[in-house]
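Residue numbers (this note's numbering), protein chains in the order written: chain W, 1 to 297; chain Z, 1 to 283.
Think of the hints as simulated: they come from the structure by calculation, not from any bench.
Even for Gly, the Cβ is constructed at its ideal location relative to N, Cα and C.
There's no promise every hint is true.
Straight-line distance between alpha carbons at most 20 Å, and here's what the computed EDC-like set of lysine to aspartate or glutamate pairs gives [what the hints assert, rightly or not]:
(1) Lys-91/W <-> Glu-267/Z
(2) Lys-26/Z <-> Glu-44/Z
(3) Lys-254/Z <-> Glu-41/W
(4) Lys-26/Z <-> Glu-4/Z
(5) Lys-26/Z <-> Asp-197/Z
(6) Lys-254/Z <-> Glu-235/W
Where chain W lies over chain Z, by a calculated footprint (3+ residues, C-beta under 8 Å) [unchecked claim]:
(7) 129 to 139
(8) 220 to 226
One-letter residues, chain by chain:
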Amino acid sequence: MPDTFFTQAPHWQWWIIFYFFIGGIGGGSYAIAAMLHLFGEPEDRPISRLGYYIALPAIIISGILLTLDLTRPERFWHMLVQSNTWTPAFKYWSPMSVGSWGITFFGLFAFLSTVGALAETGRLPWRGLAALNQGLLGNVINVLGALFGFFVAGYTGVLLSVTNRPLWADTWLLGLLFLVSGFSTAAALLYLAGRRRAHPESLRWLSQMDTWALILELIVLALVVVSVGSVVAREVLFNMWGVLLLVGVVLVGILIPLLLHWRPRLLGPASPVGAAALVLVGGFILRVVMLLSSEAV
Amino acid sequence: MMAEPMGFFTDTTVCIGCKACEVACKEWNQLPAESGGANTLSGESYDNTRRLSGTTWRHVRFIEQFNEDRSQGRWLMMSDVCKHCVQAGCLEVCPTGAIIRTEFDTVVIQADVCNGCRACISACPFGVIDINPITGTAMKCTLCYDRMQAGMIPACAQACPTQSIQFGPISELRQRAEKRVRQLHEAGQTDAYIYGDESILGGLNSFYLLVDEPEVYGLPSNPQLPSRNLVPSATLSAAGAAAMGLLGLVSLRKRRMDRLAAERRAEREESAEPVEGGEEGDA
Chain W
1 MPDTFFTQAP HWQWWIIFYF FIGGIGGGSY AIAAMLHLFG EPEDRPISRL
51 GYYIALPAII ISGILLTLDL TRPERFWHML VQSNTWTPAF KYWSPMSVGS
101 WGITFFGLFA FLSTVGALAE TGRLPWRGLA ALNQGLLGNV INVLGALFGF
151 FVAGYTGVLL SVTNRPLWAD TWLLGLLFLV SGFSTAAALL YLAGRRRAHP
201 ESLRWLSQMD TWALILELIV LALVVVSVGS VVAREVLFNM WGVLLLVGVV
251 LVGILIPLLL HWRPRLLGPA SPVGAAALVL VGGFILRVVM LLSSEAV
Chain Z
1 MMAEPMGFFT DTTVCIGCKA CEVACKEWNQ LPAESGGANT LSGESYDNTR
51 RLSGTTWRHV RFIEQFNEDR SQGRWLMMSD VCKHCVQAGC LEVCPTGAII
101 RTEFDTVVIQ ADVCNGCRAC ISACPFGVID INPITGTAMK CTLCYDRMQA
151 GMIPACAQAC PTQSIQFGPI SELRQRAEKR VRQLHEAGQT DAYIYGDESI
201 LGGLNSFYLL VDEPEVYGLP SNPQLPSRNL VPSATLSAAG AAAMGLLGLV
251 SLRKRRMDRL AAERRAEREE SAEPVEGGEE GDA
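Between the sequences and the hints, there should be enough to build the whole structure, so can you do that?
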């Protein structure tokens, strides 16, 4: 029996699945928004702004879910400040420590960009704040925010691997898997939320990025299953979780959306919307399986 | 100031499964009964404790090795506890600094700092740590840090009637353990060996004399630190982020180039148009 089977499950609660899902979307949305901001055209701006508008509430909800999951929620600040010395608590080798800081900084950049975008569109009375989303300052915020966005989308997988639990600690690929999935679910949500107002070129680009992300996700997912080894795969995934992974993630969440991207007339005008919705469903089920299949051992 | 590293040497060959250590631990540390005191039977063993938890910091494991008709068999008893690893996975991942290494080279969770994130539970290679439902914090054996500071020996070692649990300076315990293994080998018990020397996580400050494979006792044969996965896992993620970023950049640049090319084409066609228009005008 592999050594990871002699350990105990942390029993993170079901809402952590939602955190993994929402956090991934938040990070991915900002990363996409920043790409469009930095390298896109003026007509991409509505989607770019939508990305910030998704990222900010997503990271706030994430913080709430994470705090709720602590068995002593009132001590959430111990993640950032050492309670006995009042000095910063930071361990670069502890993913949960780095993650706490990453979420905090990501929240800050998502907030700044959201304020900038709201000012830009006249939804805030202080027009000067639009500078947060324009010029050099806007570019710096977007670059840093995108780095933290990618971090938030991917570090959760690294956190799972830096344990001694079955499946999680038996592969190096969960961080990459969550990152790619966060990116694809974010592209899908941006497509769904922005399809009425966005420029067709922006939507086409989102679909194209989603296609690439889904292909990459499929490859990484296959590598995950191979890399954990036959014993772990048999013990953890040769059961209803494996079936859910195959049907819910591979078929519904990746292959069918890819087919709809490839043959957009298959479902008529509903094809792109259907594809995006299925990507979101698949991204959620991916986190369900990756979390609960190991917790169940 | 660093005192001498202290720990446990548990000789499983003399354990009689009396569970005095379990009870002494519960008494001294004022730990409540499992399941709120409800009488829960394992149904598959004479051992009903079954595992270490946030409220059971010592657990005497019964390994009942019998053949099918139960005509032949043996009992292995092992008093399990936190290993106080020299390289401790729990201490490594703890984000709050609640888990510390003491002056006795032992590993202790500070209950007033822990916020119950449970990272240590999944990091421990031995499945030792769990949440104490009453305090809401992660808990495990402290090697009776409070007693040690007062020059006393841990409650479990004091209660052990067969000296299966021995407490003392690690250097002295290691010598004692080697001597005991030699003695057993000479007596014909050649399968006796030490689990937890320096080859395992830099050495376990709570180590064991076993007479069967580690797995039989519920111990991993090659426990490792969770951080072994950190650099490769983070590097692959960063590479993925770079790939997605590059893909975004390239695709947006390409879109711009394609558009500019299309605009140039349109311009060329437009500049060709007046000639046609002129011809029409002439006509």
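Outcome of the hint check:
1. Restraint check for Lys-91/W and Glu-267/Z: not satisfied, since their Cα atoms lie roughly 59 Å apart, outside the 20 Å limit.
2. For the hint pairing Lys-26/Z with Glu-44/Z, the CA-to-CA distance comes to about 24 Å; that exceeds 20 Å, so the pair is violated.
3. The hinted pair formed by Lys-254/Z and Glu-41/W meets the criterion: a straight-line CA distance of about 12 Å does not exceed 20 Å.
4. Taking the CA atoms of Lys-26/Z and Glu-4/Z, the gap is near 26 Å; set against the 20 Å cutoff, the hint is violated.
5. Between Lys-26/Z and Asp-197/Z the alpha-carbon distance is near 28 Å, which puts this suggested pair outside the 20 Å criterion.
6. Between the alpha carbons of Lys-254/Z and Glu-235/W the distance comes to roughly 46 Å, so the proposed pair goes past 20 Å and is violated.
7. A stretch counts as covered by a chain when three or more of its residues have a beta carbon under 8 Å from one of that chain; for the stretch 129 to 139 of chain Z and chain W the count is 5, and the coverage holds.
8. With 6 residues having a Cβ less than 8 Å from any Cβ of chain W, the stretch 220 to 226 of chain Z passes the three-residue criterion, so the hint holds.
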